[in-house]
Amino acid sequence: MANRVAIVGVGQTHHKSKRLDVNGVELINEAVLRAIEETGVSLRDIDAIVIGNMDHFESINYVDTWSVDGSGAYMKPILKVTTGGSTGTSIAMAGYYHVASGLFDTVLVIGWEKNSESDTTGAIITCSDPVWDRFSYAGAIPSLAAEATAYMKAYGITERDAARVAVRDHTHALNNPFAHLHKNITIDDVLNSPMLSYPIKLLDVCPRSDGACAVIFAAEHKAKKITDSPAWIHAVSTRHNFGWFGDLEYARIPSLELASKEVYKKAGIREPLKELDVIELYQPYSFAGLKWIEAIGLCGPGEAPKLVWDGVTDMDGELPINPSGGVLATNCIGATGLIRVGEAALQVMGKADNRQVSDVKRALATGFGGCFWSDVVLLGKDMPK
Amino acid sequence: MEGLEKQKEHELLTVISEVEVPYYWSIGRYAGEFLIELRDHKRLVGVRCPKCRKVYTPPRKVCGPCFTEMDEMVEIGHTGTLVAYSVVNYKFIDPNTGKNRPIPYIYGYIKLDGADNTFSHIIDYSDVEKLEVGARVKAVFEEKRVGLPWDIKYFKVVD
Amino acid sequence: MAKSSSSNVFHGTEELVYSGKISVPYTWSVGETGSRFFLEIRDNKKIFGTHCPMCNRTFVPPRKVCPRCFEKGMEWRELGDEGILMTYTIPHYHEDIHPMNDLFAFGIIKLDGADTGFTHLLGEFQRGELRTGLRVRAVFRDQRKGNILDIKYFKPIKQQN
Amino acid sequence: MDRVAIVGVGQTKHEKRKRGETFDTMVYEVTYKALEDAGITIREIDNVVTVSNDFWDGRTISSMAIQDACGSYNKNISTVEGDGTFGILYGALRILSENFGTTLVVSHMKGSESHMNLITNAMFDPIYERNLGLDAITSSALQARAYMDKYGITEEQCAKVSVKNHKNAKNNPYAHLAMDLTVDEVMKSRMLAEPIKLLDCSPISDGAAAVILASEKKAAMITDKPVWIKGIAHCADAYHLGDRDLAECAALAETSKKAYEMASINDPVREIDVAEVYDAFSYQELMWYELLGFCGRGEGGRLIDERVTERNGLLPVNPSGGCLSAHPVMVAGMVRVIEAALQVRGDAVARQIPGAKTALAHGINGPCGQSHCIMILECN
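Those sequence lines, one after another, are chains W, L, S and D.
Heads up: the first sequence begins at 15 in this note's numbering, then just goes up one per residue.
Heads up: the second sequence begins at 89 in this note's numbering, then just goes up one per residue.
Heads up: the third sequence begins at 663 in this note's numbering, then just goes up one per residue.
Heads up: the fourth sequence begins at 515 in this note's numbering, then just goes up one per residue.
Any given hint could be a false lead.
Short derived list, chain L residues pointing at chain D, Cβ under 10 Å [what the hints assert, rightly or not]: (1) L101; (2) S105; (3) P110; (4) S114; (5) Y118; (6) A119; (7) G120; (8) R127; (9) V150; (10) G202.
Think about it this way: if two alpha-carbon atoms lie no more than 25 Å apart in a straight line, the pair counts; the simulated BS3-like pairs of lysine-lysine are [to be verified]: (11) L:K232 / L:K179; (12) D:K731 / W:K279; (13) W:K280 / D:K731; (14) W:K279 / D:K589; (15) L:K218 / L:K199; (16) D:K731 / W:K399; (17) D:K547 / L:K139; (18) D:K871 / D:K771; (19) L:K187 / W:K32; (20) W:K167 / L:K218; (21) W:K275 / W:K288; (22) S:K807 / S:K708; (23) W:K197 / L:K179; (24) W:K395 / W:K275; (25) D:K589 / W:K280; (26) W:K30 / S:K734; (27) W:K280 / W:K197; (28) L:K139 / D:K589; (29) D:K589 / W:K275; (30) L:K179 / S:K683; (31) D:K530 / D:K681; (32) S:K807 / W:K32; (33) L:K232 / S:K683; (34) L:K142 / D:K589; (35) L:K179 / W:K30; (36) W:K279 / W:K399; (37) D:K664 / D:K771; (38) S:K683 / L:K187.
The set of hints was computed from the structure by calculation and includes no laboratory data.
Every residue, glycine too, gets a C-beta built ideally from N, C-alpha and C.
Given the sequences, and given the hints that come with them, work out the whole structure.
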């Protein structure tokens, strides 16, 4: 049978808008050293490495081979995996599959981006079709705005409801020393921030950051030696539905619905709101903190605002979401999904310091990217059967 | 010499590049059909999936959900419904030119009459006050057409 | 054209191509370690590497952390501006990315005091003169800007007397 | 290791310019062919790994262009950026993890759509090496010089590789450049970067490839000719060219050692019947011989002189014509695996090496073969 796999260590940089003091390789190394020092393993113990980012943000072709000095991959196996915004969760899953395969016992997974090195919007535009979309495309905001508008119309959701999500995440970020933005904001601040594309305003969306995250995955026999509080991988899933922005259906986010359903099925979860203890949601804009928690089955359609207003998803609520401050506070794109997984692991391991949710047995992390693609990773304190 | 950790403060340098990488992207026979019809006849076309009967534009070979090869070209309307849009008013580099893209401008996703997916394009900026999701829009064509998507100058809101 | 059958879907054989480009400017951070390396070249015409006390290797370009043993206590070492040519190639085609137009070569040079090779350009040589093991010396630009091209190229050291 | 089998393969003809084809039409073609080869439908594929490169494609998240074409709708899918062998490796790991039973791995490349020198210049570090103007040809020339000088390998010996592989390509309907050449013609071909001449270089091609992998259980249901991956390994060397001994290639030595251990191969020359190696340049094939253990260090030239790696030699290498005859970058390593699989299945038609039971396939990533992936395939 396949190996059981756990996360045994997490390292990340202090994410910032610009890290002039380090080059990309050194930024990667900073996160790697933190993960290694945190776990007490040595570079020799790492059997394989997985790395991910997006080429055109830093204009590095073959990042896997270029980054060897920082990743520690000298004379080691290294693989590059990249899927856009969901890169961070895709590489986390790749780390899991590496170890579960039985071929590698201890695997280092690295996500990073140095968004300060290019014009982020200009680089993001290159993800659109060069002939059909690139001349008009200016980023994901209209698709997200369309999604938000459709959702608001269908259920009477307000901009204020979304602002409550932004305030929650920014408030949570104040507890996270690694977060890029530490902003004490109010609902009115969000509502009064500049309108980007109705109904999305500046404080409803994520920043761009320089940062890296490194997570160490280990097989059962190694994990138990490395730490007495491993975060076990219970289930992972990915769904991609489309490749053309024009094919998207905005009323729902079926990729996230399907991926979370698969994960729940594998893990035997029937009532996620009750059975999960914390969620790190890849939430690129505030409205996703409503609609997408419906997609992952925390409540019925249109019921998310009540959950959020009731404080259920706050730090002291029944199911805290984004204790790290989430994507709204930090977005070093290739690392973003891995930070979700890493933060979820820290919660399970009881190592999340000031942002720790008490008594976490199960933590869910999600990823989002490409053409509304979704990833879901479930971690747990108990070793999976 | 001092160790690295004891370095005195000094300038932090950067390396700047403005390399342009040329590309010669094939448009392919399916999408090419759209552009040839547009260029030569001001007609818009889509392709229909023989299985689910959905019409996609621009045309492409494979219907993803059905994993079926499509081969039926159908004419679709010059008019359609605005499904999503953005008034772009922030500065950024246009990767097509290496320079700032002129702003403000509007782009949107339009469900053309007869198509089941949406088509992305520019919306005439003078219509900015009339924009709303669900607005009816119509293609305005360039006089000189070269066989590229911007042979449609933009879409205009029709009252 | 309401419909066409599968046999004649396409108009003849016209195969359209869109000639475009990707042109996004980049500003890469050199970082503290690399900046110091370039500043020594720019301001003092000196080439430095960093030495790992663990594995006893001196790297150039300098590394902030040893890539082999992750040692953080790297020490600066001044290297010679001369070294031995380990390998080289003379390109016979021109690309806009080439920084030189006249006869030039790419080479890897083991600078005196370094354990790794330093990849750079070679100039001021005669055809047929280059060989593995040749001693070469850095030629610095007069106007130096704090980047890798502050070293103009390396040139063969002529045998004295 | 547990067993993973290759149960279906497909490739396009590799060509200089597939002007009428787009990434998705190429990927659809090979997906369709691989499914047909396996005798299954897309419904029986439970996960997909795609391989593409954002620089070559001129698109961030280049995998978006082929989501429909690889039948990934509502499936678990991911993307490897690197040579196709690394995509297959990831596909195999996903099966070994017991999360999946059948992985479709696809790769595509249109080398004709950009400018090779600029794309490969971008693999060099922007702070220290990129502005020197290095590209794949000049950096490989540095390696060729280092290797040839160290071991006394001659340009004629390298030329013999080009002659052999272009001739082998005449048996391969998918090859881009099949031709009869003489050593003299290679020697007299245009000098690009000393000592590399035009006919020492692979062309840059347009092409795509697909492989279907299956768990032991699924393989038994799909085919009676499963090709087992008996050994698989990958490994990277240092990045900066000056950090490595370019005349050696420690990462390949390590990769082959691990793959042979896994496949229980002690004497590669006798135990491997045919090898498909990543000969982006003629000198590389000679270097790879040595590091794959086909001969001692510095003996690559002797091996080609003694015709050991010819079609009818003791250990034929690149009977397909190799990368020298068709080089869709990213796809080319996957093509090596496909060719090796066809050989051990006995389905390599005109390029079949009689009686081939065990084959080696090899792919590379990064400048001067920095990172390698090897698979040992068997069909019984």
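For the pair supplied as a hint, W:K279 and D:K589, confirm whether the alpha-carbon distance does not exceed 25 Å.
holds, 16 Å
Is the Cα-Cα distance between L:K232 and L:K179 25 Å or less?
Judged against 25 Å, a Cα distance of about 30 Å means the pair is violated.
Is the straight-line distance between the alpha-carbon of D:K664 and that of D:K771 25 Å or less?
holds, 23 Å
25 Å Cα cutoff - pair L:K232, S:K683:
Roughly 23 Å between the alpha carbons, so the hint for L:K232 and S:K683 holds.
Given L:P110 as an interface hint, is its Cβ closer than 10 Å to any Cβ of chain D?
holds, 6 Å
Tell me if the interface restraint on L:L101 is satisfied: Cβ within less than 10 Å of some Cβ in chain D.
holds, 9 Å
Does the interface hint hold: is L:Y118 within less than 10 Å of chain D, judged Cβ to Cβ?
Holds: closest Cβ of chain D sits about 8 Å from L:Y118, inside 10 Å.
Would you check the hint for S:K683 and L:K187, treating anything up to 25 Å between C-alpha atoms as holding?
Within the cut-off at roughly 12 Å; holds.
Restraint check, 10 Å cut-off on beta carbons, for L:S105 near chain D:
Since the shortest Cβ distance to chain D is 7 Å, the answer is holds.
Is the hinted pair S:K807 and S:K708 satisfied, with a Cα-Cα distance of at most 25 Å?
With a Cα-Cα distance of about 14 Å, the restraint between S:K807 and S:K708 holds, given a limit of 25 Å.
Does the alpha-carbon distance linking S:K807 and W:K32 stay inside the 25 Å limit?
At roughly 22 Å apart (the allowed maximum being 25 Å), W:K32 and S:K807 satisfy the hint.
Starting from D:K589, check that the Cα of W:K275 is at most 25 Å away, please.
holds, 13 Å
Against the hints set out earlier in the document, violations occur for numbers 8, 10, 11, 27.
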